[in-house]
Amino acid sequence: MDFVGQSILSVDQFERADVERVFDIADAMAPYAHRTHITRVLRGAILSNMFFEPSTRTRISFGSAFNLLGGEVRETTEIRETSFAKGESLQDTARVLSGYSDIVVMRHPQPGSVSAFAGASRVPVINGGDGANEHPSQALLDLYTVRKEMAVLGRGIDGLRIALVGDLKYGRAVHSLCKLLGLFSRVAFNLASPPGLEAPPEITERLQTQGHVVQQSHHLERSIHHVDIVYVTRTQEERFASPAEANRYRGLFRLNQAVYTEHCEPNTVIMHPLPRDSRSEARELDDDLNANPNLAIFRQTDNGVLVRMALFAMVLDVVDQVHQHAMPVTWYTGKRTPR
Amino acid sequence: MDFVGQSILSVDQFERADVERVFDIADAMAPYAHRTHITRVLRGAILSNMFFEPSTRTRISFGSAFNLLGGEVRETTEIRETSFAKGESLQDTARVLSGYSDIVVMRHPQPGSVSAFAGASRVPVINGGDGANEHPSQALLDLYTVRKEMAVLGRGIDGLRIALVGDLKYGRAVHSLCKLLGLFSRVAFNLASPPGLEAPPEITERLQTQGHVVQQSHHLERSIHHVDIVYVTRTQEERFASPAEANRYRGLFRLNQAVYTEHCEPNTVIMHPLPRDSRSEARELDDDLNANPNLAIFRQTDNGVLVRMALFAMVLDVVDQVHQHAMPVTWYTGKRTPR
Amino acid sequence: MDFVGQSILSVDQFERADVERVFDIADAMAPYAHRTHITRVLRGAILSNMFFEPSTRTRISFGSAFNLLGGEVRETTEIRETSFAKGESLQDTARVLSGYSDIVVMRHPQPGSVSAFAGASRVPVINGGDGANEHPSQALLDLYTVRKEMAVLGRGIDGLRIALVGDLKYGRAVHSLCKLLGLFSRVAFNLASPPGLEAPPEITERLQTQGHVVQQSHHLERSIHHVDIVYVTRTQEERFASPAEANRYRGLFRLNQAVYTEHCEPNTVIMHPLPRDSRSEARELDDDLNANPNLAIFRQTDNGVLVRMALFAMVLDVVDQVHQHAMPVTWYTGKRTPR
Chain S
2 MDFVGQSILS VDQFERADVE RVFDIADAMA PYAHRTHITR VLRGAILSNM
52 FFEPSTRTRI SFGSAFNLLG GEVRETTEIR ETSFAKGESL QDTARVLSGY
102 SDIVVMRHPQ PGSVSAFAGA SRVPVINGGD GANEHPSQAL LDLYTVRKEM
152 AVLGRGIDGL RIALVGDLKY GRAVHSLCKL LGLFSRVAFN LASPPGLEAP
202 PEITERLQTQ GHVVQQSHHL ERSIHHVDIV YVTRTQEERF ASPAEANRYR
252 GLFRLNQAVY TEHCEPNTVI MHPLPRDSRS EARELDDDLN ANPNLAIFRQ
302 TDNGVLVRMA LFAMVLDVVD QVHQHAMPVT WYTGKRTPR
Chain D
2 MDFVGQSILS VDQFERADVE RVFDIADAMA PYAHRTHITR VLRGAILSNM
52 FFEPSTRTRI SFGSAFNLLG GEVRETTEIR ETSFAKGESL QDTARVLSGY
102 SDIVVMRHPQ PGSVSAFAGA SRVPVINGGD GANEHPSQAL LDLYTVRKEM
152 AVLGRGIDGL RIALVGDLKY GRAVHSLCKL LGLFSRVAFN LASPPGLEAP
202 PEITERLQTQ GHVVQQSHHL ERSIHHVDIV YVTRTQEERF ASPAEANRYR
252 GLFRLNQAVY TEHCEPNTVI MHPLPRDSRS EARELDDDLN ANPNLAIFRQ
302 TDNGVLVRMA LFAMVLDVVD QVHQHAMPVT WYTGKRTPR
Chain W
2 MDFVGQSILS VDQFERADVE RVFDIADAMA PYAHRTHITR VLRGAILSNM
52 FFEPSTRTRI SFGSAFNLLG GEVRETTEIR ETSFAKGESL QDTARVLSGY
102 SDIVVMRHPQ PGSVSAFAGA SRVPVINGGD GANEHPSQAL LDLYTVRKEM
152 AVLGRGIDGL RIALVGDLKY GRAVHSLCKL LGLFSRVAFN LASPPGLEAP
202 PEITERLQTQ GHVVQQSHHL ERSIHHVDIV YVTRTQEERF ASPAEANRYR
252 GLFRLNQAVY TEHCEPNTVI MHPLPRDSRS EARELDDDLN ANPNLAIFRQ
302 TDNGVLVRMA LFAMVLDVVD QVHQHAMPVT WYTGKRTPR
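Protein chains in written order, with my numbering: chain S, 2 to 340; chain D, 2 to 340; chain W, 2 to 340.
One or more of the hints may lead you astray.
A pair holds if it fits inside one copy or across any two, identical chains being indistinguishable in the list.
[What the hints assert, rightly or not] Below, simulated SDA-like cross-link-like pairs (lysine to any residue); rule was C-alpha separation at most 20 Å, straight line:
{"no.": "1", "residue 1": "K87", "residue 2": "P110"}
{"no.": "2", "residue 1": "K87", "residue 2": "G252"}
{"no.": "3", "residue 1": "K149", "residue 2": "A29"}
{"no.": "4", "residue 1": "K149", "residue 2": "N293"}
{"no.": "5", "residue 1": "K87", "residue 2": "P294"}
{"no.": "6", "residue 1": "K87", "residue 2": "D321"}
{"no.": "7", "residue 1": "K149", "residue 2": "D19"}
{"no.": "8", "residue 1": "K149", "residue 2": "D3"}
Honestly, the hints are just simulated from the structure, not real lab data.
With the hints as constraints, model all of the structure from the sequences given.
Printed below as a string of structure tokens:
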């Protein structure tokens with residue numbers, strides 16, 4: 002599967018070999034994302050970055066990735082801007098807007114809407130998140146981060162031990178990551194959530210069927226003892242019936258430096274799909290971990306640009322041309338890591 | 002009239018020869034809009050795409066057209082973002098913002114506002130719609146579509162038979178299209194609207210004075226019998242005194258495949274300025290016509306990019322330079338037409 | 002201080018030599034801002050133009066300045082778009098979003114927020130206004146305008162006589178301009194405000210300590226008699242406890258052509274940070290001055306683009322490369338000055 006001209010709608014489209022190819026291409030994007038070189042391979046191409054639900058980080062990440070390949074970005078950020086209010090069907094919107102660009106990234110609160118849009122679009126569509134359903138580039142950047150963090154230790158994804166902790170019921174990122182990890186061999190999953198926020202059975206049963214080891218509990222501390230990675234999630238309050246309902250769960254699971262020191266092996270990598278909730282009543286991942294070199298959460302978001310560049314390059318069939326359009330960067334680029 | 006450095010505010014600025022020149026230039030833009038080539042003729046130029054009223058399709062169409070010529074786009078999408086709330090006059094806003102760009106596209110809900118803005122602007126302004134008043138690029142893309150659809154049949158615009166059906170009172174697009182069609186010879190107009198939504202007398206009288214044949218009725222079916230084109234409009238609910246008032250008219254005129262088959266000549270072209278209202282209570286143009294090859298509504302919006310490129314090229318005086326900056330496209334561009 | 006890789010957060014970072022260097026660089030940007038040439042020196046660079054408070058003119062001015070240097074712009078315009086609503090800290094937002102770009106411009110309603118953001122950012126940050134605190138590029142463009150207006154008369158900033166009139170209590174622009182003027186020699190300040198809106202004592206005392214002459218009054222007319230420049234400010238109603246409180250002051254000070262003719266020396270330059278309030282109850286700077294050639298308010302905003310280009314060029318270390326990437330403009334650029 003080379004994905005040329007294809008829409009990227011779901012992690013279900015990816016086999017293990019596909020995932021590894023995306024990651025190899027993402028690796029090749031590093032000189033451009035890290036600003037030692039620029040490439041103009043998509044000069045003149047236009048991305049329609051259509052966000053019918055607010056998501057600043059995902060929107061800017063996709064837009065920057067396209068700019069880094071040399072393309073232009075047109076954008077919409079607000080659902081009320083659209084013609085939906087005048088009764089236009091999603092299919093009409095898709096057919097019209099896809100006439101203005103070479104590729105579309107779309108985020109929309111309604112599950113299935115991006116696939117429906119892609120069905121009527123004249124150009125490839127990348128799903129930037131459709132409600133509780135799918136957000137494939139997030140899952141890919143998470144797994145790409147797992148690969149890079151493990152590579153530092155001379156290891157691969159096969160045989161990984163990972164704890165997934167927090168809201169496993171509504172956490173779309175966790176569900177998709179589980180699907181992708183399932184493509185690999187002998188992964189040990191420790192799933193820990195507050196009672197009522199367990200992972201859906203179809204997720205856990207699929208993993209077991211694939212031969213992985215799945216342990217479930219309601220205890221944060223016990224779940225993180227013997228793992229390579231702790232993946233923490235925020236309570237997805239926007240998916241609950243009411244804020245009060247979400248509040249019942251907020252703050253129950255808190256990973257901080259003291260818990261980490263007491264329970265985790267040295268060099269256990271900490272991940273989180275972000276944003277993390279730093280308000281005192283939540284703090285599922287405490288700011289006191291910011292100095293911990295194993296905190297990989299910002300490496301995750303940086304990796305997101307590489308993965309999104311890779312997806313664009315694959316779909317628009319320029320993987321082999323990227324380096325032909327490379328030039329050295331001549332401006333100040335001393336990206337620094339703040340304390 | 003070459004329009005170099007001129008603002009495009011109204012269809013009244015166009016004589017027949019001007020319209021034909023715009024269309025010839027639009028034809029020449031096809032290689033760029035259809036992505037066989039890119040051009041960088043406006044490299045370094047900046048468009049201020051100022052939308053003080055939501056209109057995603059028009060905004061993205063203008064922005065993409067400018068990108069396709071190689072220029073950059075700065076944008077504003079929200080009236081409350083502006084300094085109007087602090088008591089700034091439209092003239093001050095115009096003088097300031099026109100200092101930041103080479104050309105301005107402006108949409109604003111208030112009739113006459115774009116002309117007022119243009120009067121104080123330091124750069125040319127294109128009217129992207131000022132309330133119920135004017136939207137000249139829409140009228141031009143509609144007529145350009147008429148020309149292309151008729152050309153397929155070996156015909157021109159002279160002698161056209163066209164039915165305009167629906168809300169002819171508030172439909173700005175219809176009024177402007179009538180003015181442009183009036184520049185040609187022997188056009189036969191069938192105007193059909195629900196009682197109360199007739200075209201204004203100044204429109205019909207002008208057409209008759211110009212020697213065209215105008216027939217008016219309240220019957221959709223009879224009006225579409227012997228015409229080349231049926232141009233359907235949505236009930237412009239935002240122009241009515243209240244939603245309840247608009248609801249009285251919604252759904253009265255419905256063109257669907259059954260009506261088309263029974264009443265229209267074969268190959269009658271169907272147009273609509275979009276968005277169409279696909280909710281069950283409206284459906285002035287039914288989705289069951291989507292498979293009809295004579296449905297030209299998406300060809301219309303695609304043509305809009307060509308026409309807007311032509312306007313930019315004329316105003317910024319690069320018509321003769323566009324092809325000098327052309328390069329072949331090297332990425333995937335298999336634009337497809339979905340079912 | 003060369004500012005390479007540095008954040009620009011406050012006018013306090015600037016010594017007199019720094020200010021003069023910014024202005025020399027701004028002068029060198031004129032061919033690009035005035036569209037006789039384009040430069041592509043920042044080709045491939047990305048600005049994150051992050052406005053967490055509406056300010057169309059400042060946002061477009063920064064964005065256009067970056068485009069004029071050849072760079073790309075990614076943007077956010079709405080506070081509710083952000084992850085703040087999900088409890089994300091400003092530091093997390095900074096660390097994530099700064100991974101997507103080469104430089105950030107940020108505006109935010111909360112004083113100190115931009116510095117906090119810069120502390121966690123991986124790339125340089127330019128303060129585009131943080132509430133009542135700082136807006137350094139506005140102060141620099143104001144002083145740059147002073148320099149250019151005085152240069153026409155064969156004079157410099159030393160020895161300047163300036164009246165600052167209106168809301169001197171909440172006018173952030175006035176405070177910062179006073180700080181920068183304080184770096185020069187023998188400036189005579191006439192500060193005139195309605196009772197209750199006087200300049201803060203720390204501002205006036207600092208100027209006096211630096212050896213400048215400061216006169217304070219509550220009379221517009223007397224303050225503008227023997228000055229080179231009258232700098233008028235709007236009542237900053239958004240900083241008052243309530244609209245009613247602000248209304249008590251609105252309209253008390255009004256400069257119009259009659260007042261100007263009666264009280265000002267010929268060629269007294271009129272400045273204003275804009276927007277001016279042109280509603281009948283305010284009119285601190287009347288539209289009847291628009292024909293007065295000494296009205297410099299639009300020259301101010303045009304100068305803003307030059308100053309912001311200079312700041313970008315300094316921070317990204319391309320000052321000496323700008324002209325190497327220059328090309329003549331080939332499109333229509335007859336910028337005109339409307340009546």
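We went through each hint and held it up to the structure:
1. For the homomeric pair K87 and P110, the shortest alpha-carbon distances inside one copy (19 Å) and between copies (16 Å) are both at most 20 Å.
2. For the homomeric pair K87 and G252, the shortest alpha-carbon distance between copies (14 Å) is at most 20 Å, but the shortest distance inside one copy (42 Å) is not.
3. With identical chains, the CA atoms of K149 and A29 are at most 20 Å apart within one copy only, with a shortest distance of 13 Å there and 46 Å across copies.
4. When the C-alpha separation of K149 and N293 is checked against a cutoff of 20 Å, the pair qualifies only within one copy, where the shortest distance is 17 Å, while the shortest distance between copies is 52 Å.
5. Taking the shortest Cα distances, K87 and P294 never come within 20 Å of each other, neither inside one copy (51 Å) nor across copies (25 Å).
6. In this assembly of identical chains, the alpha carbons of K87 and D321 never lie at most 20 Å apart, being 44 Å within a copy and 40 Å across copies at closest.
7. Proximity of K149 to D19 under the C-alpha cut-off of 20 Å is restricted to the intra-copy arrangement: shortest distance 17 Å within a copy versus 44 Å between copies.
8. Proximity of K149 to D3 under the C-alpha cut-off of 20 Å is found in neither arrangement, the shortest distances being 23 Å within a copy and 37 Å between copies.
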